[in-house]
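Chains C and D supply the protein sequences, listed in that same order.
Residue numbers 1 to 437, in our numbering, belong to the letters of the first sequence in order.
Residue numbers 438 to 934, in our numbering, belong to the letters of the second sequence in order.
No lab work stands behind these hints, which were simulated from the structure alone.
Since the model is a prediction, treat every value here as computed from it, not as a measurement.
Idealized CB from N, CA, C, for every residue including glycine.
Certain hints may be false.
To be verified - From the derived model, a few chain D residues whose C-beta atoms are all more than 10 Å from chain C:
#	residue
1	G533
2	T559
3	R887
As the list claims (entries may be wrong) - Pairwise CB distance ranges, derived in the manner of DEER restraints:
#	chain 1	residue 1	chain 2	residue 2	range
4	D	G508	C	L209	56 to 66 Å
5	D	E591	C	P221	50 to 60 Å
6	C	A82	D	T567	47 to 57 Å
7	C	L254	D	P529	54 to 64 Å
8	C	R238	D	L891	56 to 66 Å
9	C	F267	D	G508	32 to 42 Å
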Amino acid sequence: MIDILLYIVLPYLAVLICIIGSIYRIRKEPMTYSALSSQFLEARGLMWGSLPWHIGISLILIGHILPFLFPGQWNALLSNHAMLLAVEGLGYGLSALCLLGLVVLGARRLISSRIQSVTTTMDLVILLLLLFQVVLGMLTAMRAQYGSMWCTGTTVPYLWSLVTLNPDLSYINDLPHAMKAHIVGAWILVLLIPFSRLIHMFSVPISYLTRPPQNVIWANPRHQKEKAEVFARDEARRHFIKASCGVFGGLVLLSVGALDKIGQFFFGPRLSFSEETELMESKLKRLELTAEQRKLEVERRENEFILVAALKDLDREEGKYFIDYQMQPAIAFKNEAGLPQLISAKCTHLGCTVGNKADKEGRILCPCHVSYFDIKTGTPNQGAPAEAPLPILGWVVLNSKGEVLASRSKTGEINGTIATQDAETAQVFIRRADVTG
Amino acid sequence: MDVRAQVSMVFHLDKCIGCHTCSVSCKNVWTDRAGSEYMWWNNVETKPGTGFPTLWEDQDHYKGGWKKNGGGDLKLRSQSKLDSFIKLFYNPNQPGLEDYYEPWTYEYENLFDAEEGEDQPTAIPISQITGQPMDIEAGPNWDDDLSGSPIYAENDINLDELTDEERHQLFEIERVSMFYLPRICNHCANPSCVASCPSGALYKRGEDGIVLVNQDVCRGWRACVSACPYKKVYYNWKTGKSEKCILCYPKLETGQIPNCFQSCVGRIRYLGVLLYDGDRVADAMKVPDHSLVEAQRNALLDPFDDSVIAAARKNGISEEFLEAARNSPVYDYVMRWKLALPLHIEYRTMPMLFYVPPLLPAMGKLENGIYEHSAEKFFTALEQSRVPIKYLARLFSAGNEEIINSVMKKLMAIRYYMRSLDLDDVDVVEISKALREGNTNPEEAEAIYRMTALPTVDQRYVIPPLQREEVISTTCSPEMCKGCTGLGVTVEIDRGP
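Okay, chain C solo, but in the shape it has when bound:
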């Protein structure tokens, strides 16, 4: 419940209030829509505070937005290990810069009596929040390494799920606490934009780059009249040209599409008889596959048992992936006694799928942050990012007639044995009762 409040209600509320509040403030109180500069009262501290802070935070924010906008390209870029290290290093450097800036800015607000006379409570609140936010960000980066990489599988889809109005918390459920606090902090800062000096981020003077140097304003009606006539004449012409271009362009696009279809119908390439047959066959195959998948799902929903694999197909080193009742991946191995060993494959750290090849010590590896899990117990190695063990699943072995030969309950007791003549035909299942019961 609290999660829904913090990660779904708060963001929507924050963005809504930010947009409405900012528009209101910019339109109704244009005089207040900037940050109150104090360089006039104190310049030295400002230089050492404002410069590092603004340079750091601008680049850091760009680093936050890029993976959100271009997750694919971002991942491709970072798949180069050197690049990944460079990005992470740059991130650390910039956050250190931010931290330096914030500390100087904060100290200056607290020490200088001149600055105190222009400091509001909100200024201090914002400074403190930003300090928290930077520290939390740095903590996350240190505790769960390579955030620039795993964000594309966690926070980025979470943000997109918010943007597409289909919020999904499962992406961030398993994130470390520092990271979760960082997310909440971000939403609070967004919320505070219209009520604080943060509003100044909307006042970046981009238009200065293109405007002419001098700005002469006539309020003289006689002068205005002539200007207005010229403007109206030009404007009418501009409108006409714009509209014509639009209509013409639309027509061209439409006719391209229509002509293409018509052309295809009369002059397009015809399929030969055999090609047509092949096409239909492949379509049929695709449908069959889909039907099979559907069936599997239905089975999973209704069946008491889910087939994992034939007992003889299981191996001690290379596990077989299967999907459990929650549609989560799991892996099936065979142990020394020739009995199945089933273990969940969803890493307890950030939910990656764990690899299926056991090493010499009987451990499987999560490739995302290098956690080794013991197959028998599910426990991770010492110092692994994952702290909780992977759950071990229960199983049932049935012979070809459907009689239970052996089973392992949820608690780990094993009942029954498998005779060698049955081992050839026996099949391994998981049982709903074991999971839900």
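Once you have looked at the hints, place chain D on chain C.
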């Protein structure tokens, strides 16, 4: 031809007595609000001296105004487009409070509320920024009358080109000389503050040329403060906006005289319309330093010329305005008599406030306590003047001494001629020689004398009807839009969070 009208000004420095009444009347009306206590939209400086803010003329330090780049085009010395973005988060050229002074008041309450004790209660100075007790270290006219002082006057950067001997003469004990330089915003025709504003908040009014800051658009980037070479845009630390002299436009619009003009005790100020060609401004400011004064005069237009009048009408300038331009004392001083010169035109902002350079300290040295009577001696005295011509040229003609010389000669010739009329003690040949030398004639000399010594208020201040009422009636109804007519509700200045 893009004819624009400018309400412009002439200050006659020979008449200034340095009483600061102009500064005080301005302060009382416009800058007694919180955050603006340190601002002096009008201030009076002692020259030679360092001025306010300290050493404002040192553009190597403050980087104000325009310079010519390699291609001969005008470029802001700082705060150009790219430069502005680099300096967005911290501006190294912006003057700080220490360059002006920390404004203070006195703790008057203590005189009434102090506990009974051994000593008389005192009113100690307290800062108007922090409210804490403070030591007064500087003020707005801190070097007032301190010419000759080694810590103030000697640092005047306009003395840089003087030889040691000239410097020595200038600061010789008992012969120290100085004059006063009252300054307000020049309402330049090529303002660097307007050009530098990242938000586009500053603008020049087309009909009267007044340069203003739109407080609603200003985002407090402070680029204008750095870019104005005259340091006449000030940053209000309380509201976070820039403020500057508004030439008392609310008074002008109702036909009244601006405060500093009205209160001027020495009657040194003149106000009137000048017409100039907007298309010629940029080119005029691209010429080499020594021809800048001439180039500015060329960009000013003759209000008696028929083609100018026609073009002015086309631009919407009213007949009343043109009439005011023809009666303008500023036109007389600047264009007809060529006596008034712009201050530091080498900053290339084309200032529209003109100064008649001071003759008195320059010439007040003649022997035996009386001025010599022969024209020859009169003019040779120019070379030995107490305030070197070189110094005046640095201030008023971008270093061109010829211009200053011709102004000085004319002023002296008039004086000589008027003396002869009153006392009749000079030879007629001498007088005509002096007038020829001064490039003037008896009629002109008399006209200049009358405008300098005996003008009425109406002659000094020819205020054109600004006809703002037309603007109001055509763009919005005073009922619907009370704030924009200057009537009705006023907005409280409050920054909020």
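Status of each hint after checking the structure:
1. G533: violated, 5 Å
2. T559: Fine: 22 Å to the nearest Cβ keeps T559(D) off the interface.
3. R887: holds, 34 Å
4. G508(D) to L209(C): 56 to 66 Å: violated, 20 Å
5. E591(D) to P221(C): 50 to 60 Å: holds, 54 Å
6. A82(C) to T567(D): 47 to 57 Å: Holds: the Cβ-Cβ distance is about 53 Å, inside 47 to 57 Å.
7. L254(C) to P529(D): 54 to 64 Å: Holds, at about 58 Å.
8. R238(C) to L891(D): 56 to 66 Å: The hinted range 56 to 66 Å holds for R238(C) and L891(D), with Cβ atoms some 59 Å apart.
9. F267(C) to G508(D): 32 to 42 Å: Check failed, 60 Å falls outside 32 to 42 Å.
Hint compliance for this structure: hints 1, 4 and 9 are not met, and every other hint is.
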